[in-house]
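Engineer: Could you put the whole structure together from the sequences, leaning on the hints where they help?
There are 2 protein chains.
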Amino acid sequence: MSKAITSRSQDYSQWYNDLILRGGLADYSAVRGCMVIKPYGFTLWENMRDVLDRMFKETGHQNAYFPLFVPKSLFEAEEKNAEGFAKECAVVTHYRLKSDPNNKGKLMVDPEAKLEEELVVRPTSEAIIWNTYKDWIQSYRDLPILVNQWANVVRWEMRTRLFLRTAEFLWQEGHTAHATMEEAVEETRKMLDVYADFVENYMALPVIKGVKTPNERFAGAEDTYCIEALMQDGKALQAGTSHFLGQNFAKAFEVKFLNRENKQEYVWATSWGVSTRLIGALVMAHSDDEGLVLPPRIAPLQVVIVPIFKGEEQKQRIDAKVAEITKGLKALGISVKYDDSDNNRPGWKFAEYELKGVPVRLALGARDLEQNVVEVARRDTKEKQTVSLEGIVAHIQQLLADIQENMYNRAKAFQQANITNADTWDEFVQVLDGKAGFVAAHWDGTPETEEAIKEQTKATIRCIPLDNTQEEGKCILTGKPSKERVLFARAY
Amino acid sequence: MSKAITSRSQDYSQWYNDLILRGGLADYSAVRGCMVIKPYGFTLWENMRDVLDRMFKETGHQNAYFPLFVPKSLFEAEEKNAEGFAKECAVVTHYRLKSDPNNKGKLMVDPEAKLEEELVVRPTSEAIIWNTYKDWIQSYRDLPILVNQWANVVRWEMRTRLFLRTAEFLWQEGHTAHATMEEAVEETRKMLDVYADFVENYMALPVIKGVKTPNERFAGAEDTYCIEALMQDGKALQAGTSHFLGQNFAKAFEVKFLNRENKQEYVWATSWGVSTRLIGALVMAHSDDEGLVLPPRIAPLQVVIVPIFKGEEQKQRIDAKVAEITKGLKALGISVKYDDSDNNRPGWKFAEYELKGVPVRLALGARDLEQNVVEVARRDTKEKQTVSLEGIVAHIQQLLADIQENMYNRAKAFQQANITNADTWDEFVQVLDGKAGFVAAHWDGTPETEEAIKEQTKATIRCIPLDNTQEEGKCILTGKPSKERVLFARAY
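Taken in order, these protein sequences are the chains called P and V. Going by our numbering, the first residue of the first sequence is number 8, and it counts up by one from there. Going by our numbering, the first residue of the second sequence is number 8, and it counts up by one from there.
These aren't lab readings, by the way, just hints derived from the structure by calculation. Keep in mind that the hints are not guaranteed to be accurate.
The list makes no distinction among identical chains, and a pair is therefore deemed to hold if it is satisfied within one copy or across any two copies.
[Stated by the list, open to error] As a list, the in silico DSSO-like pairs of lysine-lysine whose alpha-carbon atoms are at most 30 Å apart:
| # | residue 1 | residue 2 |
| --- | --- | --- |
| 1 | K391 | K322 |
| 2 | K105 | K461 |
| 3 | K121 | K105 |
| 4 | K121 | K94 |
| 5 | K356 | K263 |
Since this is a predicted model, take the numbers as computed values, not measurements.
Structural biologist: Set out below in structure tokens:
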């Protein structure tokens with residue numbers, strides 16, 4: 008690597024950008040706020056997507072695809088939702104370009120090709136989908152509808168950051184329709200659990216499940232459930248949300264069904280989504296000053312093997328052994344790359360794969376071969392071990408599992424160490440300005456107080472934990488009585 | 008099924024729409040020219056996509072993702088390409104809506120949120136991608152770049168048809184960069200072979216590989232290779248294209264590399280794509296008046312089992328046997344559904360799964376069970392057989408293979424029977440107005456003649472077959488000398 012990466016202590020957000028760009032995950036693009044997801048980053052996303060997609064199907068969902076564009080009149084239909092997204096949506100107004108008479112070789116929007124109705128590029132698809140469900144639902148027999156969509160969406164954010172906040176991003180959005188409120192709420196909670204399961208067991212990132220305050224709710228939802236993760240700088244990151252939409256969209260789009268009692272009733276709805284933002288969380292939670300640290304279960308590349316040799320004869324013997332190891336690993340479904348390119352020295356390769364966060368690196372030299380051993384380096388702890396080549400494949404398989412577990416435990420310990428109770432305003436501010444993290448504090452339950460705290464500290468209520476214990480207390484700002492603590496944090 | 012499907016003889020294009028809509032593949036949407044791909048249709052697309060994606064990766068390609076939007080200045084850069092797509096592109100001009108003061112509850116485009124530069128919704132991604140490759144390529148060591156993208160694209164077509172021609176569609180677009188012309192041409196041909204392999208061996212649809220005439224080339228390409236399929240109504244359908252782009256985009260975006268001789272050189276390019284249009288081809292090529300006929304290798308559902316019983320006791324015995332069969336099929340990776348819903352009669356279910364094109368249907372009754380047999384119906388020939396329950400799983404596995412093969416052979420025979428030589432203008436017109444299909448005829452090689460023939464007959468040159476035999480002849484229109492026949496047809 009030419010120059011070193013910015014360290015976390017030096018400049019955390021520059022460190023993050025260095026990892027994304029130099030780790031080969033993504034690039035800036037010519038389009039304001041939009042990024043290019045590079046092959047290495049996209050393979051990571053594919054691995055995450057494939058696991059989630061399997062989980063969705065195992066819970067009875069099917070994929071479908073709905074239009075990218077939402078006609079303005081549909082976009083308007085659910086008022087709160089429209090209000091929430093109107094400020095940041097890309098709008099298509101014309102359907103043709105023509106050559107610019109005053110500017111040879113250039114094009115201009117053709118004023119004669121103006122759309123009768125503007126089209127909003129979907130920031131989320133409730134409107135277009137519920138307008139479709141209207142035609143799909145007549146009786147309770149047509150319910151539930153359990154549909155998911157993998158798609159790109161556009162939200163015209165003013166301040167953007169690679170993966171964390173981009174004008175266009177990739178996500179999945181589940182949109183389900185139910186005959187009863189109970190069933191819809193159950194679906195909302197079930198999908199929250201699916202998200203928590205995925206983020207904890209595949210991304211090795213512990214989360215707190217909770218419900219949002221009205222201020223932080225999805226526009227158009229009755230209740231927004233979320234999973235909140237903690238980054239190394241003590242800031243929180245919302246990793247996924249699952250919304251109970253009540254009958255809001257059914258009413259906005261007149262979606263009724265004939266229930267078992269033969270009565271017309273509005274349909275109950277949920278929606279839930281996670282996005283490429285998760286990749287930002289993954290990077291911020293686990294990586295270090297040498298580069299990315301990726302969990303084995305979703306890493307684009309799990310094992311890299313670097314040969315160390317002088318001359319063809321040595322190389323051939325190493326190649327033969329590597330072919331044998333590679334075969335064994337692939338048979339177990341472990342991805343492996345043999346980097347015997349002669350462009351770079353081993354030392355350069357070590358740094359490169361450290362930067363890219365490959366969980367396990369093998370370095371195999373001629374002398375190792377004679378002694379029937381190999382150097383095995385794990386990315387998470389940077390420990391190196393000399394291991395016998397006997398049963399090396401099984402050793403690596405176990406090591407990958409250990410790394411996955413260790414990464415989770417490390418992140419879990421960090422999370423636990425960074426949930427702090429604050430009982431007074433001074434304590435509250437002190438923690439926020441100190442180690443930060445989650446601050447568990449009492450709040451009087453009013454949006455006004457929530458807003459005031461946000462203005463004074465930039466901290467928001469991340470969630471009211473689902474497993475909260477009831478406890479008498481006083482609001483840290485107003486001193487008014489409160490029955491439970493809520494989790495505050497500064498967040499991405 | 009309420010009312011019967013329109014028959015092919017009655018109204019071929021209505022028949023097609025009936026199958027798409029009532030077969031549950033897709034729906035019209037509120038957005039002009041855009042469709043909703045329903046779960047059954049999307050599962051079909053997923054199956055096709057997964058096979059193609061595997062083939063791309065086996066040929067060394069990786070997926071990536073590039074922005075949905077193309078700034079006008081980039082869109083303009085490659086003139087031919089811009090000219091080709093300017094007439095049909097959706098243009099984003101604003102990034103915000105605001106509430107309409109004169110129209111309570113309504114929104115309007117915020118004139119203060121006008122973009123400095125308009126953004127074109129990608130109709131294809133060469134421009135945005137080559138503008139990015141510029142930063143990725145310095146020396147021959149950075150080549151080749153073998154990247155594919157699965158994405159949605161928008162082309163503002165005036166006349167649209169479900170799957171065949173929609174304003175928004177899903178596709179994959181491969182974009183590769185090479186150090187030499189030879190390597191780029193080889194890639195172009197290789198991907199054409201991948202497409203032919205997929206369409207013939209998975210979609211059971213025989214194709215003709217060829218090269219397009221300059222008139223029919225992709226805008227910005229040096230050469231466009233294609234695979235052409237034949238529909239049951241004698242019209243041709245372009246099933247996939249692979250383009251050799253020469254150095255056109257490299258020159259438009261100044262993408263040079265340092266070659267082995269240490270000289271700066273422009274990069275060589277290819278692009279290739281297939282889209283959800285393939286689903287339209289699949290439907291038109293194989294289906295019949297009872298509904299869809301889907302090839303087992305990509306069918307969303309391969310086997311359906313319908314129980315025929317009176318009373319719980321009978322049903323329980325059938326359930327037990329079905330559980331056993333289902334277990335066996337799933338173990339072989341065969342998808343199966345047991346439809347024991349009591350909403351509908353067996354007869355209704357038979358018609359429903361025929362409409363949906365499920366390759367194999369089992370009907371299992373109480374008496375069958377006593378005799379240890381089951382009724383097996385295959386969708387392609389509609390033959391029914393009473394088969395012993397002994398080894399039924401192996402029987403079904405073989406039957407699915409037979410159906411796949413039979414569907415291909417049937418389509419191949421149809422294709423062969425519908426390639427007709429025409430040596431005079433009268434013969435040419437006669438065939439086109441008669442059985443249609445491909446007409447192999449001599450052409451003087453000029454765009455003018457090609458255009459004149461198109462105007463008079465609506466027939467276009469689908470391709471110059473790659474395996475063409477050289478043969479002296481006279482152009483059917485001008486009588487001028489010609490060295491080979493080209494394939495004409497009316498096309499979708």
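Engineer: Hints first: check each against the structure and report whether it holds.
Structural biologist: Hints and how they fare:
1. K391 - K322: Within one copy only: 23 Å inside a chain, 62 Å across chains, cut-off 30 Å.
2. K105 - K461: between (49 Å within a copy, 26 Å between copies)
3. K121 - K105: both (12 Å within a copy, 19 Å between copies)
4. K121 - K94: both (22 Å within a copy, 13 Å between copies)
5. K356 - K263: between (61 Å within a copy, 26 Å between copies)
Checked against the numbered hints above, the structure breaks none of them.
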